[in-house]
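**Q** Listed below, chain by chain, are the residues.
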Amino acid sequence: MCKDCGCSITPHTHDSETHVHEHTHNEHANPQLNDAKTIAVITKILDVNDKQAEHNREHFTSHGVLAINLMSSPGSGKTALLEATIDHGGLKLGVIEGDLETNQDADRILAKGAPAYQISTGQACHLDAHMVHEGLHHMPIEGLDVVFVENVGNLVCPASYDVGTHLNVVLLSVPEGDDKPAKYPVMFRAADVLLITKCDLLPYFDFNIEKAIQETRKLNPKVDIIQIDSKSGKGIEQWVAYLRMKKSLR
Amino acid sequence: MHEFSIVQSLLDLCEKNAKEHNATKITKVEVKIGKLSGVEPYLLETAFNTFKEKTLCESADFVMHLQDLVVRCKNCGYERVLEQNIFICPTCECGLEVLDGEDMFLMRLEME
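Read top to bottom, the protein sequences are chains L and D. Under my numbering, think of the first position of the first sequence as 1, with each following residue one higher. Under my numbering, think of the first position of the second sequence as 1, with each following residue one higher.
It is worth saying that the hints were derived from the structure and are not from the lab. Just to be clear, a hint being listed does not mean it is correct.
What the hints assert, rightly or not - Okay, derived cross-link-like pairs now, PhoX-like style, lysine-lysine, Cα gap no bigger than 20 Å in a straight line:
(1) D/K32 <-> L/K44
(2) D/K74 <-> L/K218
(3) D/K16 <-> L/K51
(4) L/K218 <-> D/K35
(5) D/K28 <-> L/K44
(6) L/K180 <-> D/K35
(7) L/K183 <-> D/K35
(8) D/K16 <-> D/K28
(9) L/K44 <-> D/K52
(10) L/K44 <-> D/K19
(11) L/K112 <-> L/K92
(12) L/K247 <-> L/K92
(13) D/K16 <-> L/K44
(14) D/K35 <-> L/K44
(15) D/K52 <-> D/K28
(16) D/K74 <-> L/K222
Said to hold, decoys possible - Stretch-level coverage of chain D by chain L, calculated; a stretch enters the list once three of its residues show a Cβ under 8 Å from a Cβ in chain L:
(17) 9-18
(18) 31-37
(19) 81-90
(20) 104-112
Treat the numbers as computed from the prediction; the structure is a model and nothing was measured. From the three backbone atoms N, C-alpha and C, an ideal C-beta is built for every residue, glycine too.
Kindly produce the complete structure, drawing on both the sequences and the hints.
**A** Right under this line is the structure:
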């Protein structure tokens, strides 16, 4: 270890006659380590995203709006859930949609009479806090109760990004299989709420609902779970009651 | 494949730190990657070595420390490295709190 700066990384040689020391000391540039060559940073790699996420969250909070990040694999019923939630009535929703291509999801929400803005991510497999911030510039949130950020359909990448919402809601549809929580632990650990969707299909698939719940709770003991079917309306009442309760606390 | 986006954030963070220290070149980048951070270490390294070209990190070595999942039970004080993804205390069946292993950090930079 170097006596001058305390670091143990930079290779250098000490000699009693000629003290050769390869560090370039610059106390003004780096007063903590006295070493311009090796610096301890210890910063989250996604620090800039996380700061933007905090800004987004403050924006939602200051307007009394509950913000929800909706995540799942493609085709698990995120947009259908939002349509059913709008149809139920009683809550004013806005939706920021994320997809690689097309405006189809935003168009479905707009057709139901709710404000929506589509973010086309191109090749990006997830939304980040900056994209959501950009979306917020196109969608005034005054007077809304809940804003949903419908993330890109993907059980991996979106889990690593805080987009600045208050809650993560993860969908698992019956046709996907009950093994998904164990296979995608990071995503199912990130969930505040798990919605098991397309529940009316349970008689037609080998989906063990007890196993799905048990596997999710092993990963995430605090998660709330609602069984839902957006087509038949099963569980929608409970879901909307949950949203109302959470909104009332904002 | 969000490893490419993460590397872009990492390179930005490296350049920001290099500028703050008036460095013209970064020679080593050390990161700590949690085993349950959601990134694949091999892909992260490949992405770093692809995207570092024409940045201050062009000749930088990439050193990755894989961080085990360290958990603690608030109720009974049980603390250990978790081998299986079961976040329930085997002693008192409470939920386990994660102390380390879910995040990605830039730890140290070597620069000239």
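**Q** Look at each hint and say if it fits the structure.
**A** Hint by hint, here is what the structure shows:
| no. | hint | result |
| --- | --- | --- |
| 1 | D/K32 <-> L/K44 | 9 Å, holds |
| 2 | D/K74 <-> L/K218 | 17 Å, holds |
| 3 | D/K16 <-> L/K51 | 15 Å, holds |
| 4 | L/K218 <-> D/K35 | 17 Å, holds |
| 5 | D/K28 <-> L/K44 | 17 Å, holds |
| 6 | L/K180 <-> D/K35 | 19 Å, holds |
| 7 | L/K183 <-> D/K35 | 14 Å, holds |
| 8 | D/K16 <-> D/K28 | 15 Å, holds |
| 9 | L/K44 <-> D/K52 | 19 Å, holds |
| 10 | L/K44 <-> D/K19 | 18 Å, holds |
| 11 | L/K112 <-> L/K92 | 12 Å, holds |
| 12 | L/K247 <-> L/K92 | 11 Å, holds |
| 13 | D/K16 <-> L/K44 | 14 Å, holds |
| 14 | D/K35 <-> L/K44 | 15 Å, holds |
| 15 | D/K52 <-> D/K28 | 12 Å, holds |
| 16 | D/K74 <-> L/K222 | 14 Å, holds |
| 17 | 9-18 | holds (count 5) |
| 18 | 31-37 | holds (count 3) |
| 19 | 81-90 | holds (count 4) |
| 20 | 104-112 | holds (count 9) |
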